[in-house]
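Protein chains in written order, with this note's numbering: chain A, 1 to 113; chain B, 1 to 113; chain C, 1 to 113; chain D, 1 to 436; chain E, 1 to 436; chain F, 1 to 436.
Keep in mind that the hints were calculated from the coordinates and are not lab data.
Keep in mind it's a predicted model, so treat the numbers as computed, not measured.
Glycine included, every Cβ here is placed at the ideal spot set by N, Cα and C.
You may find that some hints are simply not true.
Counterexamples of contact, computed for chain A against chain E with all Cβ distances above 12 Å [to be verified]:
no., residue
1, P10
2, E11
3, Y26
4, A33
5, E98
Below are the DSS-like pairs computed for lysine-lysine, each with C-alpha atoms no more than 25 Å apart in a straight line [claimed, not checked]:
no., chain 1, residue 1, chain 2, residue 2
6, C, K44, D, K226
7, E, K374, B, K44
8, B, K17, A, K57
9, E, K288, D, K402
10, F, K415, D, K293
11, B, K17, D, K226
12, B, K44, E, K401
13, F, K226, C, K57
14, C, K44, D, K415
15, A, K44, E, K415
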Amino acid sequence: MKLVIAYIQPERLNPVKQALFAREIYKISVTNALGCGRQQGYVKAYRGAIQEVNLLKKVRLAIAVNDEFVEQTIEGIIEGARTNHIGDGKIFVLPMDECIRIRTGERGNEAIG
Amino acid sequence: MKLVIAYIQPERLNPVKQALFAREIYKISVTNALGCGRQQGYVKAYRGAIQEVNLLKKVRLAIAVNDEFVEQTIEGIIEGARTNHIGDGKIFVLPMDECIRIRTGERGNEAIG
Amino acid sequence: MKLVIAYIQPERLNPVKQALFAREIYKISVTNALGCGRQQGYVKAYRGAIQEVNLLKKVRLAIAVNDEFVEQTIEGIIEGARTNHIGDGKIFVLPMDECIRIRTGERGNEAIG
Amino acid sequence: MKFFFTFFVMFCFLAAPAAEIAATPAPDFGREALFSVNNLWVMIGAMLVFIMHLGFACVESGLARAKNCTNILFKNTMTPAIGFLSYAICGFAIMYPNSHWLIGHLFGFAGWGLHNPPGPAIAYNGMYTYWTDFFFQGMFAATAATIVSGAVAERIKLSSYLCFTAIYVTVVYPLVGSWGWGGGWLNTLHFHDFAGSTFVHSVGGFAALAGILLLGPRIGKYVDGKAMPLMGHNMSQATIGVFLLWFGWFGFNGASALSANPAIVSLVLVNTMLAASAALVSAMCAGKLLLGKPDLSMTLNGCLAGLVGITAGADCVSVLSAIIIGLVSGVLVTCGVLLFDKLFIDDPVGALSVHLLCGVWGTLAVGIFSPEYKLLTQLIGVAAVGSVSFGAAYGIFFALKKLFGIRVSETTELKGLDLVEHGAEAYPGFQFFSNM
Amino acid sequence: MKFFFTFFVMFCFLAAPAAEIAATPAPDFGREALFSVNNLWVMIGAMLVFIMHLGFACVESGLARAKNCTNILFKNTMTPAIGFLSYAICGFAIMYPNSHWLIGHLFGFAGWGLHNPPGPAIAYNGMYTYWTDFFFQGMFAATAATIVSGAVAERIKLSSYLCFTAIYVTVVYPLVGSWGWGGGWLNTLHFHDFAGSTFVHSVGGFAALAGILLLGPRIGKYVDGKAMPLMGHNMSQATIGVFLLWFGWFGFNGASALSANPAIVSLVLVNTMLAASAALVSAMCAGKLLLGKPDLSMTLNGCLAGLVGITAGADCVSVLSAIIIGLVSGVLVTCGVLLFDKLFIDDPVGALSVHLLCGVWGTLAVGIFSPEYKLLTQLIGVAAVGSVSFGAAYGIFFALKKLFGIRVSETTELKGLDLVEHGAEAYPGFQFFSNM
Amino acid sequence: MKFFFTFFVMFCFLAAPAAEIAATPAPDFGREALFSVNNLWVMIGAMLVFIMHLGFACVESGLARAKNCTNILFKNTMTPAIGFLSYAICGFAIMYPNSHWLIGHLFGFAGWGLHNPPGPAIAYNGMYTYWTDFFFQGMFAATAATIVSGAVAERIKLSSYLCFTAIYVTVVYPLVGSWGWGGGWLNTLHFHDFAGSTFVHSVGGFAALAGILLLGPRIGKYVDGKAMPLMGHNMSQATIGVFLLWFGWFGFNGASALSANPAIVSLVLVNTMLAASAALVSAMCAGKLLLGKPDLSMTLNGCLAGLVGITAGADCVSVLSAIIIGLVSGVLVTCGVLLFDKLFIDDPVGALSVHLLCGVWGTLAVGIFSPEYKLLTQLIGVAAVGSVSFGAAYGIFFALKKLFGIRVSETTELKGLDLVEHGAEAYPGFQFFSNM
Ligand SMILES: Nc1ncnc2c1ncn2[C@@H]1O[C@H](COP(=O)(O)OP(=O)(O)O)[C@@H](O)[C@H]1O
Ligand SMILES: Nc1ncnc2c1ncn2[C@@H]1O[C@H](COP(=O)(O)OP(=O)(O)O)[C@@H](O)[C@H]1O
Ligand SMILES: Nc1ncnc2c1ncn2[C@@H]1O[C@H](COP(=O)(O)OP(=O)(O)O)[C@@H](O)[C@H]1O
């Protein structure tokens with residue numbers, strides 16, 4: 001089992017969701033995040049004082065999948081999130097030891113879906 | 001060492017905290033999240049336009065524990081979060097290589113607690 | 001490849017960023033979080049009703065790095081975040097199987113930076 | 001406010017000149033100007049009372065949780081509309097029956113709808129027109145209902161609240177009001193309530209109490225018998241609301257003189273401002289002493305408490321008395337909030353402490369600080385109005401409870417009334433911890 | 001509002017006493033007082049109209065997304081400033097040309113700038129001073145532009161909007177207004193628009209329509225031909241805005257009597273309040289029936305719809321008619337919002353349904369409910385004003401589009417106008433999902 | 001505002017008719033009406049000044065960070081209360097000593113507390129009652145303190161601020177004010193400050209400067225000698241505040257005529273509105289030129305700058321001069337904000353640039369644009385008032401600093417004053433990055 005984590009542009013959330021749904025991946029958790037990367041920030045101006053802001057708004061996805069779904073998940077995210085502009089984001093795949101569904105107590109591969 | 005991550009219903013945060021405290025697990029990090037799963041969403045209506053919302057409010061817990069505490073942590077979360085309704089959430093257990101307490105620089109098993 | 005996760009005091013975000021930049025670590029993702037640990041909470045008072053609050057504001061960092069950068073990252077975080085007061089926070093290092101840059105589809109070590 | 005007998009005195013007083021006017025074709029600019037300025041101030045006063053509805057909306061929504069904000073705003077927007085319409089249909093005619101008393105001086109009815117009496121506008125009572133009269137009184141009417149709105153917030157069904165408001169404003173508020181302002185038996189007894197500590201604020205406060213008792217506390221308010229802080233989501237909004245109420249109160253009290261009479265109105269305004277200021281100071285101090293830290297929302301309640309307290313006697317007490325009335329109100333409201341919390345009476349905005357406690361206190365204070373009025377009469381008035389309005393409100397809420405239920409379901413309350421009753425949040429996109 | 005001929009009537013009426021005054025040195029306090037109170041009410045009315053600009057700012061920003069909030073606030077702050085200044089430069093002189101008609105009774109111009117006529121202030125028209133006249137009319141002027149602001153929000157370039165406002169307020173609004181209020185041909189036809197259902201609200205609404213047509217819908221508003229909810233970020237703010245507009249409307253309508261005449265002004269105020277209340281109730285019901293749940297923002301639109309609807313006839317319809325006008329407005333606005341959405345006309349705040357639809361309805365209602373005025377004349381007025389203001393607005397927007405472009409870039413729209421056009425967010429530090 | 005000598009002139013003027021009235025029992029409706037309308041306008045003006053306190057509360061809290069919002073709201077709620085009470089106790093008597101001068105025409109005292117002179121209300125000065133006088137002046141009093149509140153925000157201890165306010169409003173503001181408005185030496189010199197560019201705004205601005213100098217900049221404001229943007233958390237709130245101030249200013253300036261005199265008041269209102277509008281436009285342009293992007297908060301400051309600028313001369317300059325005064329104010333405030341930032345004078349809301357710079361500019365502008373007044377006299381007034389109020393404020397703050405400390409601890413400042421001083425956040429539940 002793997003935990004796929006992705007940081008994407010906020011406005012790509014809907015396309016990514018659709019691309020994942022198309023691959024029958026329906027379970028996702030989403031968090032608000034800020035990201036600092038190669039993407040150029042912007043200049044924040046307020047009452048004459050200016051500052052370079054390099055923490056930009058991003059959305060963080062966390063998707064737990066069984067090993068055989070990892071590639072599809074990655075594909076889905078890329079399909080939905082890629083705009084070919086710097087700042088499109090990253091996907092991280094982490095190994096996961098266990099997954100439990102709170103409602104039923106099921107564990108492992110069945111619990112994920 | 002493991003990192004236990006759980007997505008639960010927002011209103012179950014307090015019961016979960018209590019169930020964990022009862023098991024002497026006192027250190028928790030909490031984040032606001034949205035989750036999309038089997039749970040039915042709701043219809044957002046605004047000025048006549050409607051939309052199915054399937055990203056529901058959730059709370060994300062992250063708890064780093066030593067291996068022998070993993071089961072208690074899972075139990076605690078389940079005890080506090082289970083309502084037997086779809087949407088109760090999931091627990092993910094990730095392997096963790098290292099843990100460092102910033103204040104002291106301690107590492108490993110002692111640093112966790 | 002590792003995913004370094006750290007929970008720090010909110011006001012230490014800027015020093016940590018600077019300490020990491022000094023070590024040529026430029027890519028960071030940041031999330032708002034609440035933390036419950038050894039640090040004493042505060043008493044919330046509202047209209048005569050009081051409550052002990054033990055979920056304090058924290059900031060969560062997630063930094064994906066190649067194995068050889070792990071120590072520098074930890075050092076950087078400690079340098080920026082340490083105030084020697086309880087509540088300074090924790091660093092967790094998780095193993096990471098894969099890293100993909102969405103824009104280019106690059107994988108692995110090159111994708112991280 | 002309007003005393004039945006003043007009405008007649010004025011009318012007689014005006015009869016003579018009116019005859020004169022008929023005789024001479026030269027327009028009497030002075031008379032017309034005086035009529036215009038008196039009428040103008042009452043109209044402006046009504047507008048100021050109107051803005052109090054926004055004040056209530058802001059205070060109540062600010063002191064509630066974000067998840068119920070839309071619902072409260074909705075209620076508070078509908079309240080003046082329903083109040084004004086139902087007052088037009090029959091409330092005005094019940095409150096000011098003129099000579100059409102049906103049962104003793106207890107209940108009268110001047111007929112359905114609005115009917116501008118024929119003849120020159122000035123003949124109505126020499127001070128303002130029929131329409132101005134209705135405009136001002138109609139604005140007052142809905143304030144009593146708004147007071148309830150805050151107290152029952154975060155758990156009452158929208159439909160039940162709207163039903164209650166319509167009935168209460170149409171019947172109970174004007175009925176009770178007619179006893180004093182409409183020339184009824186309390187007026188005969190020489191009971192004095194200048195601008196409504198009793199007829200508006202207590203009447204609202206008692207209804208609030210009835211509602212709270214029948215609804216019970218919000219989920220999460222009491223944990224193991226201890227009151228928890230269910231924090232209001234927006235202190236800026238609450239502060240804006242209090243300032244707007246304070247501002248509007250200058251019209252509420254000032255225009256209750258029912259003329260622009262410089263001597264009376266200006267004294268009323270100074271008394272109003274001094275009482276509010278004194279109550280702010282005493283509430284701040286009481287809060288600091290009793291709670292350890294100066295609590296903004298309690299101090300804001302203090303301001304309103306002072307305003308409610310001075311409302312009954314703003315025209316007949318000295319400035320020093322006004323300050324004392326204010327100081328007492330500020331302490332009273334602070335203790336009230338703490339007390340009601342202990343009694344498991346869950347009042348999210350402090351409406352009981354502000355409007356009920358200080359409404360009663362203000363009415364009694366007239367008997368204490370003004371030599372013209374007797375404490376006993378004031379007590380009788382408070383008791384009579386209180387028992388009838390509490391009884392009626394309890395009855396209405398009880399009937400609604402039996403018929404349709406008045407409280408939302410547990411899931412609705414947990415998810416928030418906004419999402420379930422309106423399908424939309426107040427602050428979409430903003431992230432907040434909704435477990436609070 | 002101001003009828004050219006009343007002006008002359010009054011002047012003649014005043015000529016005699018003025019002569020008298022010259023003869024006798026004793027000051028006529030009555031005349032002076034009447035002058036002062038009339039003047040005072042018009043000045044206060046202007047202040048109330050002023051506060052409507054804050055109302056618009058709050059409604060429009062509250063119903064937009066957080067990422068465009070600063071931009072909308074900026075536009076709405078500049079609007080009254082630009083409006084008032086440009087009206088001083090030449091708008092006032094175009095709208096009230098007095099006898100300086102240049103082309104028939106279609107276009108007149110009284111000269112650049114402001115010129116207080118010499119002689120005693122009372123001589124101006126016996127009711128209020130020249131400065132009061134300008135103060136009141138100048139406040140009105142910018143409201144027409146503000147209506148546009150909401151409709152084109154979240155996608156128009158700041159500079160284009162400001163240019164449009166300056167031109168529209170300087171030329172189009174006063175030109176069209178002069179036909180009725182300035183004594184032009186519509187006035188001669190006995191067309192009646194008391195306070196501006198047509199001359200202000202439709203004029204604004206038609207410009208809004210032109211703007212929307214040329215701009216197109218916001219990104220994300222239509223997905224596969226279906227209208228999506230792009231939710232306003234702050235319902236509290238929107239509610240505050242509506243209450244302030246409602247409050248200000250008492251001045252907008254009330255002071256359009258152009259005197260403190262007790263009989264007229266008080267009736268106008270009652271009608272205004274009743275229409276708004278009735279519209280709130282009918283919009284709530286229509287919303288509940290058509291949408292399933294009572295939508296706060298639609299109900300708020302209902303309130304404004306009732307106010308726009310009663311604006312043309314507040315002085316000449318009965319209270320019952322006012323209620324009917326309000327009820328119809330509330331239903332109309334609800335259907336309007338749904339209809340425009342279906343027609344791919346993306347109006348984030350419902351400005352078209354409120355100001356255009358109900359502006360037209362209110363003007364026609366005068367012909368229906370008041371025996372004094374003819375429906376046909378009212379129709380002619382609506383058609384003439386509508387075609388000219390729509391045409392002119394379309395022309396201006398079209399020219400601006402060709403010259404500089406009127407819509408921000410796609411990236412700007414996605415990131416939000418606040419960050420790109422102003423370099424600063426409205427709520428820095430607050431976390432919200434910005435994909436909404 | 002009130003000139004000592006006008007007072008006497010009026011009194012004499014009224015003596016004769018008063019005698020006449022005694023002789024004839026027929027009520028003089030004209031005189032009474034004129035008295036009522038003048039009195040009414042001053043009362044309404046005071047209410048408008050009152051609402052400025054809400055304006056200040058909104059601007060200051062909106063331009064501060066969310067973590068200090070409750071604290072600022074608290075201060076701004078207490079300020080008018082403390083100001084009004086302390087003014088009742090002795091401030092009014094110091095500011096208007098009538099004939100009770102103790103030291104030259106420098107310091108006078110008419111006795112503790114409020115004492116309505118016996119006799120008919122009209123005898124007070126023929127224009128308004130004693131209570132109206134106090135009501136209006138008392139509202140003015142606290143505005144000077146409120147100006148300080150914003151400048152020292154986000155780092156001053158609550159208790160120190162409240163102490164300062166009480167002392168400053170009780171002694172310094174009325175003392176300095178008595179020189180001009182109370183009939184003191186500046187009045188004798190023919191120094192003109194119509195509604196308080198100097199006596200209110202500079203007096204507040206100088207105190208703000210003293211406070212800032214003794215407090216030092218907020219943590220994080222300067223990094224390596226460069227000013228950082230510490231962003232205000234709520235632009236909507238700041239905008240609401242500015243509009244309310246603008247609205248209230250119509251009372252602040254308009255009622256400073258101390259009568260409803262149509263000619264004067266209406267000119268004052270037009271000048272006020274034009275100056276604000278012009279300043280908005282020039283501040284927008286200056287902002288665009290100097291900062292690259294039109295900054296909302298700076299443009300809002302521009303509006304206030306124009307209002308402060310016109311305050312001294314609104315009654316005696318032409319409309320064109322008013323526009324020029326406004327244009328200059330808008331540029332001045334923009335440069336001021338940039339300059340003070342460079343000088344390490346950390347003023348979170350721009351109070352110095354608005355109230356101090358433009359207060360001085362407005363006072364001098366009277367000498368430039370009005371032929372009646374001399375620039376030199378205006379300069380003397382500014383210098384005298386400035387040195388005394390700065391000196392006194394510095395002294396008070398210095399004493400408080402030595403006695404109790406005036407700045408909160410570093411941890412408090414980092415965590416936010418809301419949590420530490422009040423135990424509660426302004427927006428509980430909302431998520432925001434608190435490192436900002
Ligand atoms: N090594 C990393 N660790 C954590 N987050 C990262 C890392 N690299 C990228 N990110 C996240 O991905 C976002 C996009 O990265 P960026 O370098 O700007 O663009 P790109 O990946 O297209 O080159 C960043 O804003 C950040 O949130
Ligand atoms: N595979 C997954 N990956 C990420 N998050 C998940 C996954 N499955 C469930 N979740 C989280 O758990 C929540 C509850 O899941 P849901 O399927 O609605 O209920 P249940 O687990 O009771 O069947 C979701 O809203 C989501 O936040
Ligand atoms: N075992 C853990 N699991 C998850 N989060 C933790 C853990 N330990 C600490 N944290 C996070 O680190 C923060 C600081 O920890 P705390 O115990 O208060 O201070 P310290 O680490 O200096 O002893 C906590 O508020 C919490 O967010």
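At 12 Å, judged by beta carbons, does E11 of chain A keep clear of chain E as stated?
Label violated. Min Cβ-Cβ 5 Å, cutoff 12 Å.
Next pair to validate is K17 of chain B with K226 of chain D; report whether the Cα-Cα distance is within 25 Å.
Judged against 25 Å, a Cα distance of about 19 Å means the pair holds.
Given the hinted pair K44 of chain A and K415 of chain E, is their Cα-Cα distance within 25 Å?
It holds: about 14 Å lies between the C-alpha atoms, which stays within 25 Å.
25 Å Cα cutoff - pair K226 of chain F, K57 of chain C:
Measuring from Cα to Cα gives roughly 28 Å; hence the hint is violated.
For a C-alpha distance cap of 25 Å, please report whether K44 of chain C and K226 of chain D respect it.
Roughly 14 Å separates the two Cα atoms, so the pair holds.
Pair hint outcome, K44 of chain B versus K401 of chain E [Cα-Cα no greater than 25 Å]:
With a Cα-Cα distance of about 35 Å, the restraint between K44 of chain B and K401 of chain E is violated, given a limit of 25 Å.
Given as non-interface: P10 of chain A, which should sit over 12 Å from chain E by C-beta:
The claim breaks: P10 of chain A does not keep its Cβ more than 12 Å from every Cβ of chain E (closest is about 4 Å).
The output says Y26 of chain A does not contact chain E. Does that hold with a beta carbon cutoff of 12 Å?
Non-interface label stands for Y26 of chain A: nearest chain E Cβ at 19 Å, farther than 12 Å.
Hinted pair, alpha-carbon criterion (25 Å max): K288 of chain E, K402 of chain D. Please report holds or violated.
holds, 24 Å
Next pair to validate is K415 of chain F with K293 of chain D; report whether the Cα-Cα distance is within 25 Å.
Given that 25 Å is the threshold and the Cα spacing comes to 16 Å, the pair holds.
Hey, K17 of chain B versus K57 of chain A, does the alpha-carbon distance stay inside 25 Å?
Given pair K17 of chain B, K57 of chain A is violated - Cα atoms ~30 Å apart, limit 25 Å.
Pair hint outcome, K44 of chain C versus K415 of chain D [Cα-Cα no greater than 25 Å]
holds, 23 Å
Checked against the numbered hints given earlier, this structure breaks hints 1, 2, 4, 7, 8, 12 and 13; the rest are met.
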